[in-house]
Every structure is written in structure tokens, then in C-alpha cells.
Amino acid sequence: MSDTNPVPGSLPRSTGTRSEAESPAAPPLLSIQGLVKDFGGLRAVNHCSFDVARGSITGLIGPNGAGKTTLFSLVSGFYRPDEGRVFLDGEDVTGLPSHLIFRKGLSRTFQIPREHKSMTVMENLMLVPKGQLGERFWNPVFRPGAVRAQERQLREKAREVLDFVELSHMADQPAGAMSGGQKKLLELARTLMADPKIVLLDEPGAGVNPTLMGKIREKIEQLNRERGITFLLIEHDMPLVMGLCDPVVVMNQGSKLVSGPPAVVRTDPRVLEAYLGGQYGALEG
Amino acid sequence: MTPVVLAKSVLLGVPLWLFVSSLLTFKPAWLKHLVSIAAGVAVALAMVTLIPTGILSYMTTFILMASIYGVLSLGLNVQWGYTGLFNIGIAAFFAIGAFTSALVTTVKPTGFNASFTQQAFGLGLPFWVGLLAAGLMAGVLAWLIGKPTLRLRDDYLAIATIGIAELVRLVFQNERWLANGPQPLRGIPQPASCLAGNGCSWLPGFVNDFFAPLTPRDYPFVYVAIVALVLYVVYRVLERAIRSPWGRVLRAVREEEASAAMNGKDVAAFRMQSFVVGAVIMGIGGALYAHYVVAIDYGHFDPLYGTFLIWVMLMLGGSGNNRGAILGAFVVWGIWSGTSFVVDLLRPTLAAISPDLPSRGPYIRFFLISLLMLFIVLYRPMGILREEKVVSLDRDLA
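Top to bottom, those sequences are chains U and E. At position 17 of the first sequence (counting the first as 1) the number is 17 in the numbering used here, and the numbers step up by one without a gap. Take any residue in the second sequence, note its place counting from 1, add 285, and you have its number in the numbering used here.
Simulated from the structure, these hints should not be mistaken for lab results. Errors might be hidden in some of the hints.
Said to hold, decoys possible - If we take Cβ atoms under 10 Å as the criterion, some of the chain E residues that face chain U in the derived model are: (1) Val-534; (2) Glu-540; (3) Val-676.
Yeah, the Cβ is synthetic: ideal placement off N, Cα and C, and Gly gets one too.
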């Protein structure tokens, strides 16, 4: 079922009926090659391979327990893979710790928002940018002026991001006091503070009301269109995935089952079977 | 207004000046300090004039000890208050700081005295070198402990620190060649003691003349000024570091480690920085202590005095708040000293209950302070001064 592992660094094979605008020669922004992760006796990710094309909004779906979140954790350096490679923009980032992968331009959100609760929304955002002078202990002590100047810029940027996600009114509230949906927006906002090349969104719509969901979707599309940010997102909301993502990758039992444009994926009998005989009626509709 | 009153007032004015100036927030800074110096000296003058000598010296040594504990409490606040590092072996850093400064500043005895006091070395260097060396050694110890344990879960750090604190204490108890083993290491020099003696050669004549009326018995007035200055510098440095991106990352690590890592922060490195910075401060606190008590031995650094009391101070004052850490040190040291009176007063009552009870009096103090800890945790877990809502942003920028 899974792809065979290409030689690291080689161009990815194009798989099946891909429809994306990517030219066959363009290297993928993210290349996942034969990843394996075992937890004790359980193989959560089993030789999973696929690519994420630069500038795409790629959807990652699959039944519960298919290994999607674990795959995110492997790609983002949260776990180390037991086998396989991850290439980010052509560079081998396999097994690097999260903070180094982040510095190479990959941001990730969590399925359950993990905000810094007692810190304000503004602080949560200003935390993110890399290369902050003031993160070195001696700079705020001996060069407070330089740190302050940089803080001013960061605050300005955080204000813009807050405006974009329409959370400006929450800036000085503790992040823990926000609603579930607002926390989802904060997760998205944090990724924006990082100027990432690619953002991995883990269920951006879970527990979010339809209105807010529409807003999140709009933001994702806008970021993709205007800033060229690539997205890879896990989502169970089928209408959302089918409308927003192209291509869609389906995982089942730790491996990639199929991938392709949404129209093709949703009629694939293997996908329907993976979802236990039409448990998710939305796939058909 | 006798010369001795003036001299004492100026020295006692130092802690009061620093206290007032850290409460005032207006600008410019020079005006703030002018106002607070005036206020500090005025209050000191009133105290020295009105309060009987005995009580005044008691108050001075009280401020002195509480300020030393304030330094230790600030060190713990970096580790626990801002970063959530569960260090229950403060005594290790306290002891390392005290013994390091002692060895750096004393001279190794020779001849007849050498048979009474053994020590690995004695450099005879000035107090401030001892202070820096104490911080350095405590920092090195923290790095060595942190390297294997900070990557693991919190409880491992707790186990490691409590174990190492005992280890450090037992090493100083048993290794006579190192710092006189079970016997106290004596003769630790008191900085600027010449000010309360025959005058200091490194000071201009008029300063010596001004302080000339002081006798060696008045030395606590000199040392309280020095300790207050050190406490103030530590406080200011920490405030700057915490109200900045550095402090922001520490708090982010405390609140949600995974998220901090995913947002590009090297969690292990920041935990290490916090642990080492906190330990350096504790080491400096240890040095201040050693130069005050003049003779130290392993017994000063048992888990009660060296660790538990400092935890109660931080919890009561407010962890995650530097002012709270200092306030807690003063309040708890007050309660701790006060319970000593209470136990003394209870002596006849205790004797009436059972003849061997008065000798167990000191344990009642442990009981009372533990009870206090319990009440804090149950009824005011955030302490007297809670963590501010916005910490890691510069106040001047809002």
C-alpha cells in the first residue's frame, strides 16, 4: 500500500492521478519518505510516504487512529522517527528537535490548543518570532535599549496578526481565558508570527462553530494566495477538506492509502472502505 | 544628634533608601533616588533616635538576615516561580556559595593554628571576589546537575537536587581537609569591618572620620548596607531579565513546554539558563551569609534552614513575583524569629505538661512553620503578591 522509499534527495515520483499545478520538476516543499514510528508494540506510522507541493493546501484525512497526528509529530520533530526521512525544502531534517525544524520554516499547531495560559494573547504572539535579541539573558540586562527597540517591532507585528485573525480585542487578556474557537485562531496566529514556509494544522476546525470555521478557512486561503504559505492540514470536516484542499492524502493504518484531487479521492472505493463502509456519509455527498 | 547616631542612620538609611526607591515608579531616575535617599535617611534617623539601642540592633540584624534570605528566595523564584523547575536542594547552592567565598577570602592558617583549622586552600582575596566565586561555583554545580536531569521530567530534577544537597552537606561534614569538616570554618572576614573599627585605608579621610564613632559592635549596621545593595542589584538585574523576551520564554516553558519548543525555543537550553542563573544567585546568598556569621559548618545547611524555609518564603510572598519573593523572606523570617519568642514564652507551660517538653521546644517552630505552609497552599496558593498579569513586556512600552 505504501510507496517505496525514493533515494533521499532524489525527486519524488509523481503518484497516480495528481492534478496539482506543480510541474514535475519542482521539488516538493515537504517530502515524507518511508516514516515509521512504533509505540511499544503498536506501529502508529508504517512506511508512510508522500510529498507536499510548494504553494499547495494539502489535506490529510483518514479514520481515527490512522496515524495522522503522529505523522505531524514526526515531521515537526516532536518525536523521532524509527525509520524514514523527512525533507524540508530539499534539506534533510529527520530527527532534528522541534525548535530547529521551526527555524527552518515549519510551524505546527496542536489538535488541542496549547496556549501559554497565564500569559496574555499579546505575549503568546510576541514569544514566537525567531532571532530575538532579548532572549539572551545579558541583553535585557546590559542592552535594554536594543531589546526595547526590537520589542516595539514585534509588538507592531503582533498587532497586525491580531487584526488579521480578528482577535485584537483580546490582546491583553490571558490566553487561557479565551474560548475554544479563539484558541484555534490563536494557534493560527502564532504560526503567522513565525513567517513560515509551511504550516501544519492539526484539525483547525475541531470544536469550532461553523461561522468561525468559515473564517478560519478564509484566512487559510488568503494566506496561501497572498503570502504563498503552504499548508498541510488534518481535518475531519469533509466538506471543508473537499472544498479547501487539493490534493488530499488519505492515511489508513499508518500508511498512505491514496492521494489525489478531492473529487478522485472521495469516490475511491478503498477510501470508503477505510472509513468503515460509509460511516462518513459526507464523502459520498 | 550625636555623631554615632548620624553614622548609624546613614548606614541604616541604605536599605530604606533602596526599599523606597523600588516602590516609587516616577521619572526621572535621579529625582526618584534623591527623594528615596532623603526618605530613607530620615526614617533611619527617626529609628536610630527613638528606638532603644538593643531593639535597634535586633531590627538591624533582622533586616540583614531577611535580606540574605531575600537573595536566596529570588534565586528560587527564577527557577520555580518563572520556569517551574522544582529545586528542593537549595541548600546545596547555599552551602557551595558560603564555603567557596569562605575559602576564597580566608588565609590558610599556618603553624599552631593549622592543627585547629584545616582547609584545602585560602586565597585571602577581597569580599567581592568571594561573592563572584561563590556565584560561579554554584552555577557550575547547577550546570553539572542540570545536564543529565533537566531533559527529564520535573520529578527527576527534584530527586536529583534533594540528593545532591545532602551529598554536598555530608562532604563538608566529613572532609576535614576541605573546609575543616565537622568543625566550623572560622575567621571568615567581614567586609568593610574597618568602617566599624580603625578606619579603612581605601576610603578618603572624611568618610573614615564620619564613621569613626562606630565600634566593632556596630558592624551589623555596615553589613546591612552591603547586603541591601547586593539584594537590590540582584533584584534589578532579575527584573530586567524577566520583563523581557528571556523571561517570556521561561514562562512559556513553564506553562506549556511542547508549545514553546514548537515555536522555536530550545526548551532544554532555557531550563538550563534558568537553573544556572537561579543557582548563581543562591550561591551569592550563601556568600553573604558566610561573611555575616563568620564561622560556618555543615550544620547551617540542613534541609530545614537551607531549603524548606526558603520555599515557604517564596510560596508565601508569591512565586512568579520578585517583590513577593523578597516580601516573603521578610515575613517568614519574622514569623520564624517570632516563633522563637513564642516557644520561650511557652516554656513554663510546656514544663508543666511534661518535664522533657521544653527541650523539644524548637520542634514546635517547625510545626508552626509547616502549618503556615499548609495554610498558604490551601487558602492563598498564589501568595501575598500574585504574579502580574503582564510580566514579560516592558512597562514603558505599553
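Here is how each hint holds up against the structure:
1. A least Cβ separation of about 6 Å between Val-534 of chain E and chain U falls short of the 10 Å threshold, and the interface hint therefore holds.
2. Against a cut-off of 10 Å between C-beta atoms, the interface hint on Glu-540 of chain E holds, since the closest Cβ of chain U lies about 4 Å away.
3. Using the Cβ-Cβ criterion of 10 Å, the hint placing Val-676 of chain E at the interface with chain U is satisfied: the shortest such distance is roughly 8 Å.
The structure shown violates none of the earlier numbered hints.
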